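Enquirer: If you want the building blocks of each chain, they are given just below.
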Amino acid sequence: MPERKRLLGIVASHRAGGNSEALVRVALGAAADAGAETDIVYLSDLRVGFCRGCLRCVYKGQGCVQDDDVPWLFETVAAYDGLILAAPTYLLGAAAQVKALIDRAVADLVRRPGPRSKPTGTLCVAGLPGWDHFVRPVTNQLALLLGGRLVGSLTAYAPGPGEVLLDEGVLQRARDIGLAVLEDRLLPPPEGACPVCHLKRPPEALRTPCPFCGHDPAGPEGSHRFTGESLARFVEEWMYPSRERFLARRQEVEAARAAIEEFRPRRVRPG
Amino acid sequence: MSAEVDGRRKRLLGVVASLRRGGNSEALVKVALQAAAERGALVDIIHLEDLRLGFCDGCLACVYKGDGCRKAPDITWLLRTAASYDGVVVASPTYFLGPPAQVKALIDHGVMEFPRLGTRRPKPAGAIAVAGRPGWDLLSLSVTSQLAMLLGGRLVGGFTAYAPGPAEVLLDPETVGRARELGLAVLEDRSLPVEDGVCPVCRLPWDAGPLQASSGSEAGPGPCPFCLYDPSRPEADHRFTAVHLARHLAEWMVPSRERFLARREQVRKAWERLPPAPRRLRPDRGPGGDEGRGRETDARSGRQ
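Protein chains in written order, with the numbering used here: chain B, 1 to 271; chain Y, 1001 to 1304.
The shape of chain B in the complex, shown without the other chains (with noise of 0.2 Å):
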């Protein structure tokens, strides 16, 4: 008998008892009837700051200098054998402590690069269809950037907490999408939208490289821009490489930058 596989849910959403939980739970039982291990994470457990942009987690190559939950977040679905990651959507896209994650991805792809093949389903959550055009492709990217191989997604429409566990059809397909990950079997992906990170686009478009995750149709068979061989390519080719032209103009830079800090607007602060 094979050692039972460990299966991580993510809520999101910061909500209590809201329809990211609800599907997170949902599809984590499939998967548990089936015979996996199942824990759950919720990110209004954790302490997450902002990416400042400092780079440090780049050039330096130690982690990020913020003390927070987000390197053990990345450590710890580093030891499942699959994921499924639930989100809401505020105003058009993924709540912001989904991009908050995505920013700060950088230091886990410097600690530790290679190649990443976690199998990864996404349950996106939105209020009402038209309104929610960045969830599934910012959603998606974020769960490359954990796991790396995603095998099925959704969108659900669900305005009040909980409400979407009225939605038979939506429950199944949030079922299929747990054993999905536990059997590590791709589901198909939606039409008329990229099949790697589900940006809707034009038809006449698909043909073309995805202008958010970078696949490309006529390219090598799942390639994107958060492979961990295309991201070690992107710090190596373009984010190294950067410093040292940045370097070389450094002193034109500074002195342009004095010319402008002698203009001084009065800086505003919450009281």
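I should point out that these hints are in silico values taken from the structure, not numbers from a laboratory. If you're wondering where the values come from, they're calculated on a predicted model, not measured in any experiment. We treat Cβ as the ideally placed atom computed from N, Cα and C, and that holds for glycine. Possibly wrong hints are sitting among the right ones.
[As the list claims (entries may be wrong)] Incomplete in silico selection of chain Y near chain B, CB under 7 Å:
1) Ile1045
2) Phe1096
3) Leu1117
4) Pro1164
5) Gln1266
6) Ala1270
Position chain Y relative to chain B; hints supplied.
Expert: Using the frame of chain B, we list chain Y on its own:
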């Protein structure tokens, strides 16, 4: 004179969304403000690094009770303060294809302004996105524009600047010129021409999926999926106008509460039917280490 309104000098606000001091966002906001100041405007600047920023928890108390968000006093302050100016210029960096999370955190909290939109006069706003390099910035300008429209009301111009190193953008005279031009356009409440290939309202690139061809019809491209700008009805409301958002509030958000309350008992029973809750993992911080978890992130120190 364009720098005056109601017999007083116009006041412009610059908002630096970067938490990095001396970066490109700060540089370009200052350039835009300086151009306006030279024409007589009074100019102020807000750095998001001075604010305590947190994540919206979706409780919607701001919508149902009005009067802002008690859990996010600094964001409430920012939204109210911005509304008191005659124009706003916002600049944001790009991390991983879009603006950093603090920009989205402000947008998420922006729902607290919906009940007040009816009384707010739309002000001209300008958006500047800074990215390291072209092609890695799909969401940058449209999401920065979304914030600019939330803080101001009417987008008069927006552009993307490319510069990887801090303040390096100042060495590019063309971009500096565009920032000056944007500052003046906001001061004069004058719309700038829109670049080809982007949505004229939110600046989302056409190729990103806006303007999906209506399937099998000759009706031409459909509306922008982000801001709802419709090229066949260019004069119609887009999604981020006060009128549209107020209607969204009145016709969708407020009634959704009643609809939910009517189904509440069913939802409660559905929770009871769920499989047993999985183990809830938390970082082990030792005794007393849980302080500061949750929503209130202090952007001033980078820690909670």
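Enquirer: Need the list of violated hint numbers for this structure, in ascending order.
Expert: 3
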